[in-house]
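Since the structure of chain A is provided, determine the placement of chain B on it from the hints.
Okay, here's what each chain looks like letter by letter:
There are 2 protein chains.
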Amino acid sequence: MSMSFTNEKNGAVMFQFPGSKKVYVEGSRPDIRVPMREIMLSETKTEVKVEANSPVRVYDTSGPYTDPDVTVDIAKGLPPLRSKWIQERGDVEEYEGREMKPEDNGFKSNHDPRADRHIFPGLKRKPLRAKKGTNVTQLHYAKKGIVTPEMEFIAIRENMKPEFVRDEVASGRAIIPANINHPEAEPMIIGRNFHVKINANIGNSAVTSSIEEEVEKMTWATRWGADTIMDLSTGKNIHTTREWIIRNSPVPIGTVPIYQALEKVNGVAEDLTWEVYRDTLLEQAEQGVDYFTIHAGVLLRYVPLTANRVTGIVSRGGSIMAQWCLYHHKENFLYTHFEEICDIMKTYDIAFSLGDGLRPGSIADANDQAQFAELETLGELTKIAWKHDVQVMVEGPGHVPMHLIKENMDRQMEACQEAPFYTLGPLTTDIAPGYDHITSAIGAAMIGWYGTSMLCYVTPKEHLGLPNKDDVREGVITYKIAAHAADLAKGHPGAQLRDDALSKARFEFRWEDQFNLSLDPERAMEYHDETLPADAAKTAHFCSMCGPKFCSMRISHDIRKYAEKNNLNTQEAFEKGMQEKAAEFQRAGSSIYQ
Amino acid sequence: MSMSFTNEKNGAVMFQFPGSKKVYVEGSRPDIRVPMREIMLSETKTEVKVEANSPVRVYDTSGPYTDPDVTVDIAKGLPPLRSKWIQERGDVEEYEGREMKPEDNGFKSNHDPRADRHIFPGLKRKPLRAKKGTNVTQLHYAKKGIVTPEMEFIAIRENMKPEFVRDEVASGRAIIPANINHPEAEPMIIGRNFHVKINANIGNSAVTSSIEEEVEKMTWATRWGADTIMDLSTGKNIHTTREWIIRNSPVPIGTVPIYQALEKVNGVAEDLTWEVYRDTLLEQAEQGVDYFTIHAGVLLRYVPLTANRVTGIVSRGGSIMAQWCLYHHKENFLYTHFEEICDIMKTYDIAFSLGDGLRPGSIADANDQAQFAELETLGELTKIAWKHDVQVMVEGPGHVPMHLIKENMDRQMEACQEAPFYTLGPLTTDIAPGYDHITSAIGAAMIGWYGTSMLCYVTPKEHLGLPNKDDVREGVITYKIAAHAADLAKGHPGAQLRDDALSKARFEFRWEDQFNLSLDPERAMEYHDETLPADAAKTAHFCSMCGPKFCSMRISHDIRKYAEKNNLNTQEAFEKGMQEKAAEFQRAGSSIYQ
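First to last, the sequence lines map onto chains A and B.
Residues 40 to 633 (our numbering) make up the first sequence, in order.
Residues 40 to 633 (our numbering) make up the second sequence, in order.
This is chain A alone, in the form it adopts within the complex:
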């Protein structure tokens, strides 16, 4: 397998964004280089003036793929930008690591004909771990008052002070998912006092999809703006697929380790053991997974609470654990071994994403006893993780009608003491399969406004099939909309700059600027060109909606021009001048709409 990314046409679109350039903002040391996308704008030209418009810098998740000075060869992986920072702290050591086994990819032997031969060929670094007795989590550093390079990087990225970032991490209100074995990822933060983030799920299943497709989906998702990627693969070749994804991902990678553990016991949930699970955690920890979804809150006694639900248990991880608990009539081993899991997490700095295995799968089941009982347990587990200085976020629903959304946020804040909330949507109605990116974007925007830190995207294929590349794009853009709408509603500093710049461009008929400032410039341009394809239409002071004869936006230009020409800066002056100079306006006005 070989894919290399340059800025040549790559399929349908250029990898780099039109009218934009990649810039890096340097921090206190030369190896802190924070990538941003700078969108160049053309001038504002009126009859009375020509004014430059400052370029707009936007948050950039796309990694080196959009840097024209870098050619990424996915067979080699991305440069390990954090390696030096990790090493210089002096608290990690290289070690031999776990030996890869055939069952890591779902086979009995390495000679199984179905085994994917595309083992990642790039430089195989030995894994790192915390030295005995040390703790390498960003939470641990933050609590000790240390501002790490990761925190400074994030401060620049979010336009905040480094000390503020440290404090948010120290308090548990934010996390920096950053496994020491994933030095390729650009540091990012998840917390409600920062930009709302979005996650994109990818991953093959037993039915469909190849490694190559999954790597492509990852690069594609981060190009459009995914802040983290979850690899939810469930079929064969899980280990190898993940290796390719991590080595090439500029964003943190999350997984649900129980999926792979289940493959190792041939899909028989009751055959799962703590040992198989623990081995899987180590395997993935050494590869560099940045956060693990762990369904440790699905307690034996909560399972009966789901018996009368309309849709029972819909979380895959939740149902695996419920099956195990019922079969053995024992407490969930993720719960009983939770402190041992914490020990692993802090050895690599992997963050918990405490899974909501009992989330509602339908409007009818929203905010029920099972869901909130589990949430209380997740709050209890948050405290245990914090005792170990392990970073934690908490997963949330699911399917929830609008009027019940806020209760989810409020209860989570209370039960989990402000640990970041990470929700799947929620979907605000069940009746639109094929459009669940939309049913859920409504809920996602709202819960983001109420305080959720990261929104897990939903694609148009939800409930129907696995997303392809186009679905990934649709899902990511839809969730960028929800996240940005939430940032605006929260009054996040600077969020509105982009809206204002785009609206100003729209008002001034700077079509190219309008496209380039949008979340999906290619789509905007394509839709515009469908009706008015001529290049001249890109500078036209009208559009296909009204046509050239009367444009609703132009009257405002005349009003403004009139005010400018006559120096009518205040409303009072305007009204007075308007009266006095009605005749002049008549002459000016009548010449315009011909």
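Everything labelled a hint here was simulated from the structure, so no lab data went into it.
One or more hints might be untrue.
For chains that are exact copies, the list does not tell them apart, and a pair is met inside one copy or across any two.
With a straight-line cut-off of 25 Å between C-alpha atoms, the simulated DSS-like cross-links for lysine-lysine are [claimed, not checked]:
id, residue 1, residue 2
1, K445, K529
2, K183, K163
3, K600, K369
4, K577, K88
5, K170, K182
6, K200, K369
7, K369, K604
8, K303, K369
9, K140, K165
10, K60, K182
11, K84, K140
12, K445, K422
13, K600, K426
14, K182, K600
15, K163, K303
Chain B alone, transformed into the frame defined by chain A:
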């Protein structure tokens, strides 16, 4: 031009919905026949029982096009179902009506080569008007305590009592747009104590589109669920296009008469006169337009308030009136002639949709002084209309960030004394052209929950071009989602039935039922089949998301089966039984996941 609709394959999809049949619920007299779509469901089959699932009846806006017993010929138009009700009230008279002029279609003579020759060929009825001294509005009847057949029809349609419908209309909280010259339309109601409605805009412009396309978009939009259609045509052949649309529309039609008036004065706003406008109102009244958007609230003194906005005035009607006011330095003639307009409205029972000509066109301009000043005037005009027993709804924004949405609803309720609110979105961010159906569905769902009665759809082409047929489908379905999410959040009786039925079908792997219950069955099926096309997959107890080996939904079935078999109906019994019968569950459970 000739299009006839049967239930043969019509382009990509059947006109009728799969798994559904058209039913009519009869009222107190045989000519009150309320159409509904009945979705048939298959049986629930478990190891221990087979149970029928009741069919689900849903609100149906599609008109005779989905009735297999009717073949619609659009050259003849739909049957005039309300004619008898209108006539038997004894307060209307036929008259000769206004003679059609070449300028009604934008030409100087009938021999202009650009004139569309497709004059509507169907039976030309003479127009009706109220007899001198009478008032034929539904509001007038409601205030007199009369329950009209229209009200009874609506009561059945909405599952409410006729007297409740009458009372809501009498109080002004709801309107029934029902021009006596549009007897083809099936009565519907717009008010916050009923289902939230959606409007779809269609219409050609000077740049693009034909009559045939517009009629097709109308039938297409109502098939997917549009409750009303606005014809916003602005180019040539406006009169003829509208005639075809009205004669074939099963839902009320709205227009913005100033658009056509402007065409009659060759696009020069300052040449508009009350006489040209009045003539246009009469022309459209006789054709059967059910509601008029009238920008009577754009007062001369408000125009300067827009001078410093980021996007000025974005409403086409608003900017036309602003242009007129400034040029003449006179008050808006729609405001000064408002009572004369009321006289026309009550002669035909046309409802006001008081236009928000100063709505914000960007996040930056949301909830500003100009917007709320105009709203106060719309409140004043509402009272004047009510004095004449003319029905009124009030239009709202536009672009509004989430945290400012509720203020719009609260202020409108207060200023306009609970007259129905009809909003365009609102869009919750400006940065996603190409996806504004989504940026606005977020705002639309929220404002619908807060009390807005009708949501004007936004298509993916908003800001970029005119919607084609696919954009209409995408826009309508997106707004059905927003409206339904709002109904759920408001706790509208019965709204959740469809969600529950679909979720139950999903849980029981009744794939066909799941598709048929969804807002867009074709899309759902198409997406499902993309990954698992085999017919067998329609009955499979798994899907492509997890594959056949482990399905997260199945554990819940085992739990339920276990409870059923052992008669464990309460949670207590379940927990006790679970403990006692662990061994039995082990045997049952272990046989399932092979």
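Checking K369 and K604: alpha-carbon separation at most 25 Å within a copy, between copies, both or neither? Only across copies: K369 and K604 sit 22 Å apart there, 81 Å inside one copy, limit 25 Å.
Regarding K303 and K369, is the shortest C-alpha distance of 25 Å or less found within a copy, between copies, in both, or in neither? Result: close within a single copy only, 21 Å intra versus 81 Å inter.
If the cutoff is 25 Å on CA atoms, where do K84 and K140 land: within, between, both or neither? Let me know, please. neither (66 Å within a copy, 43 Å between copies)
Tell me, please, which holds for K445 and K422 at an alpha-carbon limit of 25 Å: within, between, both or neither? This pair counts as within: shortest intra-copy Cα distance 23 Å, inter-copy 37 Å.
Please sort K600 with K426 into within, between, both or neither, judging by C-alpha distance up to 25 Å. This pair counts as neither: shortest intra-copy Cα distance 64 Å, inter-copy 41 Å.
When Cα atoms must be at most 25 Å apart, do K200 and K369 count as within-copy, between-copy, both, or neither? neither (48 Å within a copy, 55 Å between copies)
Homomeric proximity label, K140 with K165: Cα distance no greater than 25 Å: within (16 Å within a copy, 85 Å between copies)
K163 and K303: within-copy, between-copy, both or neither at 25 Å Cα: within (24 Å within a copy, 76 Å between copies)
Since the copies are identical, ignore which copy is meant and state whether K183 and K163 lie within 25 Å (CA to CA) inside a copy, between copies, both or neither. neither (33 Å within a copy, 85 Å between copies)
Can you give me the call for K577 and K88, within, between, both or neither, at a CA distance of at most 25 Å? within (21 Å within a copy, 65 Å between copies)
For K60 and K182, with the copy left unspecified, which applies at a CA distance of at most 25 Å: within, between, both, or neither? neither (37 Å within a copy, 65 Å between copies)
I want to check one pair: K600 and K369. Are their C-alpha atoms no more than 25 Å apart within a copy, between two copies, both, or neither? Answer is between: at 20 Å across copies they meet the 25 Å cutoff, but 77 Å inside does not.
Hints 2, 6, 10, 11, 13 and 14 from the earlier list are contradicted by this structure; the remaining hints agree with it.
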